[in-house]
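As you go down the protein sequences, you meet chains A, B and C in turn.
Take the position in the first sequence, starting the count at 1, then add 29; the result is the number in my numbering.
Take the position in the second sequence, starting the count at 1, then add 27; the result is the number in my numbering.
Take the position in the third sequence, starting the count at 1, then add 7; the result is the number in my numbering.
Treat each hint with caution, since some may be false.
What the hints assert, rightly or not - Ranges between beta-carbon positions, derived for each pair:
hint	chain 1	residue 1	chain 2	residue 2	range
1	B	D43	C	G111	56 to 62 Å
2	B	L327	A	W186	34 to 40 Å
3	A	R260	B	A46	45 to 51 Å
4	C	K157	B	D43	43 to 49 Å
5	C	K99	B	A65	20 to 26 Å
6	C	P79	B	A46	39 to 45 Å
7	C	K99	B	W93	53 to 59 Å
8	B	L135	C	T121	33 to 39 Å
9	B	A217	C	D96	35 to 41 Å
10	A	G93	B	S284	29 to 35 Å
11	A	W195	C	K99	49 to 55 Å
To be clear, the hints were calculated from the coordinates, so they are not data collected in a lab.
Backbone N, C-alpha and C fix where the C-beta goes; we use that ideal spot for every residue, glycine too.
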Amino acid sequence: MTTVVEPSDQTLITTTGRGRKPSAGSDRPYRTLLAIVSAIFIAIAILFFYSIISKSIPGWRQTGLGLLYRTNWNYGSSQYGGLPLFVGTALTTGIALLLAVPVGIGSALAIAFLVPRPIRLVVSSVVELLAVVPSVIYGVWGLLTMESFLNQKGEPWLKNLTGGHWPFSGVPIGLGIMLGGIVLSVMILPTITAISRDVFGALPNELIEGALSIGATRSQVLRKVVIPACRPGLLGAVTLGTGRALGETIALYFLLGGVPSIHSLCNSLFCTGGTFGSEIAGNFGQRNDPVSFGILCCLAMILMVIVGAVNLGARAIVRRNLQRMLP
Amino acid sequence: MSTDVVELDQEVEPEDRRAFVQRQSREHYGRRVFLSRAFLSLLIVSLLVAFIPLFSIVQNVIGHGWHFLTWRFLSTPEQQPDIFHQSAIGGVSNAITGTVLIDGVAMLVAVPLSILLSMALFESKGRLMHALRLYTEVMVGLPSILVSFFVFAMVVTPFLAASGYYFTALAGVISLTLLMIPLMTVACEAALRDVPVTYSEAALALGARKSRVMMRVLLPYAFPRMLTGIMLSLSRAVGETAPILFLIGTSLVTNWSLWSEQTTLPTQIFHNLDSNNPYLRNACWGIALILITAVFVLNLTSRVIVARSLRGRK
Amino acid sequence: MMDMSSVTNEMTEPFAPPTISIGSLVDQIPSNAPAETVLSLRDVAVTFNSKVAVRDVSFDVAKNRVTSMIGPSGSGKTTLLRAMNRLHDLTKGAVVSGTLELDGEDIYRGSIPTTLLRSRIGMVFQRPNPFPTMSIYDNVASGLRFNGIKKKAFLDDAVEHALTSAALWESVKGRMKAAAGTLSGGEQQRLCIARALAVEPEILLMDEPTSSLDPVSTQHIEDLMSTLKEIVTIVIVTHNMQQAARVSDDCAFLLMGEDRAGELIEFASTEKIFTNPSDKRTLDYIQGRFG
Chain A
30 MTTVVEPSDQ TLITTTGRGR KPSAGSDRPY RTLLAIVSAI FIAIAILFFY SIISKSIPGW
90 RQTGLGLLYR TNWNYGSSQY GGLPLFVGTA LTTGIALLLA VPVGIGSALA IAFLVPRPIR
150 LVVSSVVELL AVVPSVIYGV WGLLTMESFL NQKGEPWLKN LTGGHWPFSG VPIGLGIMLG
210 GIVLSVMILP TITAISRDVF GALPNELIEG ALSIGATRSQ VLRKVVIPAC RPGLLGAVTL
270 GTGRALGETI ALYFLLGGVP SIHSLCNSLF CTGGTFGSEI AGNFGQRNDP VSFGILCCLA
330 MILMVIVGAV NLGARAIVRR NLQRMLP
Chain B
28 MSTDVVELDQ EVEPEDRRAF VQRQSREHYG RRVFLSRAFL SLLIVSLLVA FIPLFSIVQN
88 VIGHGWHFLT WRFLSTPEQQ PDIFHQSAIG GVSNAITGTV LIDGVAMLVA VPLSILLSMA
148 LFESKGRLMH ALRLYTEVMV GLPSILVSFF VFAMVVTPFL AASGYYFTAL AGVISLTLLM
208 IPLMTVACEA ALRDVPVTYS EAALALGARK SRVMMRVLLP YAFPRMLTGI MLSLSRAVGE
268 TAPILFLIGT SLVTNWSLWS EQTTLPTQIF HNLDSNNPYL RNACWGIALI LITAVFVLNL
328 TSRVIVARSL RGRK
Chain C
8 MMDMSSVTNE MTEPFAPPTI SIGSLVDQIP SNAPAETVLS LRDVAVTFNS KVAVRDVSFD
68 VAKNRVTSMI GPSGSGKTTL LRAMNRLHDL TKGAVVSGTL ELDGEDIYRG SIPTTLLRSR
128 IGMVFQRPNP FPTMSIYDNV ASGLRFNGIK KKAFLDDAVE HALTSAALWE SVKGRMKAAA
188 GTLSGGEQQR LCIARALAVE PEILLMDEPT SSLDPVSTQH IEDLMSTLKE IVTIVIVTHN
248 MQQAARVSDD CAFLLMGEDR AGELIEFAST EKIFTNPSDK RTLDYIQGRF G
């Protein structure tokens with residue numbers, strides 16, 4: 030840890046020393062304090078990644094790279110093919126985004142530009158409150174309310190509508206990928222709506238007036254000017270929603286169904302399934318020997334890489350967009 | 028129409044161009060209005076669609092949960108029902124004390140550390156600090172379950188479990204502290220950056236030290252926004268299940284010890300939902316209502332604070 | 008048309024010869040033709056939530072001339088300008104009363120739909136507001152595309168024409184795909200002028216178009232106006248009296264009355280307003296006694 034303190038101390042001194050006055054020597058305790066705090070957090074940051082990566086090594090030894098491509102997952106009997114988990118994570122998040130992004134951004138547009146002012150205040154406060162509803166409550170609602178609705182009405186209706194063709198084949202049982210995806214979409218909807226609304230609200234009025242003053246209709250203003258100009262911010266909103274959907278553990282543990290911890294590939298959305306998050310939640314109890322824990326750490330590591338990549342990727346895209354737009 | 032375009036390839040009189048544009052605009056007008064109305068209606072429909080599930084959640088939580096809001100339910104601890112008395116599920120006092128204890132202590136630790144860290148990030152620009160900022164921001168977006176891996180591997184296994192403390196409230200406190208710090212730090216640093224540069228420049232020009240500028244100018248100005256960020260982070264932490272579920276165990280008695288097992292509102296919901304007992308499952312609605320109320324109160328309080336204190340500015 | 012040619016020669020004489028490539032058009036259209044009213048205001052008043060912002064304004068905007076509106080801040084110049092292309096429709100509680108007629112048709116109660124009206128009466132704003140995500144070409148073409156004109160040959164021609172009219176074509180013709188944000192502030196404002204011109208408006212409203220620009224860019228825009236008025240009638244709001252004197256042919260002077268509502272004090276040719284105003288308050292203002 031001492032090796033970490035020194036460089037951060039130096040950076041602090043060089044940066045704060047730029048405008049140094051003769052009396053600045055007495056600022057030393059302040060700078061030292063901040064340097065110590067920074068050093069502690071740099072240490073924690075390193076330890077955070079180190080702990081998950083190092084503890085996953087016994088897991089990787091056990092599974093090999095098969096964890097990334099094999100198709101059978103059975104935690105109890107040591108079959109560690111992670112492909113069903115990749116598919117489950119991708120499908121649930123995919124359904125969630127497919128439903129929540131258009132509805133969320135559409136609602137945000139409606140709130141920001143169409144709804145009369147008094148109603149706007151109420152609606153946007155409600156949306157912001159809903160964005161902080163704990164995910165376990167979405168789990169309760171999903172399991173005790175939505176599950177029976179999907180089981181009895183939603184899924185049979187979808188099956189009839191599509192004639193039971195892919196991806197709506199198989200027996201609708203309520204619990205499964207479909208339920209998980211729908212509840213995730215409801216969970217990330219307020220987040221996406223609230224952030225998008227803020228993004229739209231921050232848009233300078235001049236752009237809207239500029240478009241109106243050359244004869245654009247209101248929908249043209251929104252589609253051709255407002256949405257493109259807000260794209261970086263909207264991407265941020267969607268990324269946050271995606272991160273939340275990818276990393277959801279508790280709610281999905283209840284909603285994806287199936288015999289615990291046994292998953293294989295399945296070509297219907299009515300299938301039960303597992304995601305990295307739900308598997309971690311379902312098996313954290315069996316973490317007492319290093320190998321079992323190591324395999325959970327492997328899952329955590331994959332989850333961390335996926336969500337981290339999504340976040341950093343979105344940051345990079347936003348930065349590139351902004352650079353292109355500014356002189 | 029196409030003949031017009033051919034003609035317009037040549038040098039044209041301005042009046043012809045104007046007449047052409049205006050005629051075209053009139054011809055397309057009906058279709059444009061129709062499309063515009065259709066699109067705007069679609070937006071309104073999406074708003075209504077968005078409110079159906081959200082309304083359903085609120086309606087169910089309140090509808091199924093309100094009759095749990097009795098003094099008896101709030102003041103008695105949870106009880107494990109036996110096979111003959113399936114409805115004897117007790118109350119939530121153990122979970123309420125657990126929540127207050129774990130979130131309260133975690134907040135007491137996290138708040139000063141976050142403010143210090145945000146000050147450090149605000150004051151310096153080195154490469155290492157840039158990395159730390161990036162880490163903080165990425166942590167905000169990472170799944171909260173990852174924190175419990177870290178705490179389990181680095182705190183529980185080597186220290187607590189080694190001394191016989193397998194499940195402790197302390198582990199939960201550490202986990203929630205680590206979860207809160209990035210959230211609070213990002214919010215507090217944003218609050219510091221929000222202070223008009225002229226304020227701190229004026230103080231620096233008078234020869235004030237950086238520490239004094241921070242204490243006397245920046246922190247007082249940024250305080251309301253910092254408080255909001257802190258309350259919002261707290262309201263998020265209160266609802267978290269994943270980072271503490273596997274660290275704190277369960278406690279069926281009300282106690283205030285950091286070294287014993289604890290139950291919080293979210294973990295009690297988890298365990299109830301995980302059981303087969305219909306009474307326990309149904310009680311989830313009541314606990315959810317209490318939890319949602321707590322989160323909303325924290326959230327609304329922070330809004331009121333910021334609205335009050337910002338009223339005087341600008 | 009025949010009998011006007013003599014007038015043309017006589018009237019253009021005092022003005023500087025046109026500098027840019029509108030070329031032959033300048034000879035055909037008189038720069039200072041006898042007033043043919045294109046927009047007339049009668050008893051126009053704008054109120055916000057029943058608070059009067061500007062009242063009782065009546066004057067005629069003459070075709071192919073530059074009409075300026077001057078006055079101290081709070082006198083309702085911008086409010087009045089925004090009433091001319093119905094931008095107040097966006098503001099809750101804003102009511103425009105009186106009559107505004109474009110070519111004899113009431114723009115509020117007549118049959119012209121608002122979106123079509125706005126492409127006939129274009130507007131340039133205080134700060135340049137090019138669409139940030141669009142290229143230079145797309146910015147200029149956007150108005151035509153909004154209006155349903157998609158033919159590439161026409162768009163290419165119209166974009167070049169509009170940019171030429173805005174004296175920007177020569178400097179951007181090699182980088183039409185570049186983002187609008189890459190232009191300088193003055194160029195961005197000329198891009199906005201080109202964007203407004205592309206839909207061939209009859210009137211171009213300019214709301215303090217140079218207030219955010221440096222002196223050189225301001226000079227460019229002012230030079231531009233004297234040639235632009237050959238193809239479009241201009242109404243400009245400016246806080247800068249010298250600018251009004253330099254660029255405009257007619258001038259409206261507004262002033263905030265006792266009840267804080269703006270009023271039209273005097274409307275006359277710019278020459279008369281600045282040399283021989285009939286109202287004492289106008290004289291006080293142009294001599295810098297207040298405002």
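These are the hints, each one checked on the structure:
{"no.": "1", "hint": "D43(B) / G111(C): 56 to 62 Å", "in the structure": "22 Å, violated"}
{"no.": "2", "hint": "L327(B) / W186(A): 34 to 40 Å", "in the structure": "39 Å, holds"}
{"no.": "3", "hint": "R260(A) / A46(B): 45 to 51 Å", "in the structure": "37 Å, violated"}
{"no.": "4", "hint": "K157(C) / D43(B): 43 to 49 Å", "in the structure": "19 Å, violated"}
{"no.": "5", "hint": "K99(C) / A65(B): 20 to 26 Å", "in the structure": "24 Å, holds"}
{"no.": "6", "hint": "P79(C) / A46(B): 39 to 45 Å", "in the structure": "41 Å, holds"}
{"no.": "7", "hint": "K99(C) / W93(B): 53 to 59 Å", "in the structure": "38 Å, violated"}
{"no.": "8", "hint": "L135(B) / T121(C): 33 to 39 Å", "in the structure": "59 Å, violated"}
{"no.": "9", "hint": "A217(B) / D96(C): 35 to 41 Å", "in the structure": "37 Å, holds"}
{"no.": "10", "hint": "G93(A) / S284(B): 29 to 35 Å", "in the structure": "44 Å, violated"}
{"no.": "11", "hint": "W195(A) / K99(C): 49 to 55 Å", "in the structure": "50 Å, holds"}
This entry does not satisfy hints 1, 3, 4, 7, 8 and 10, going by the numbered hints stated previously.
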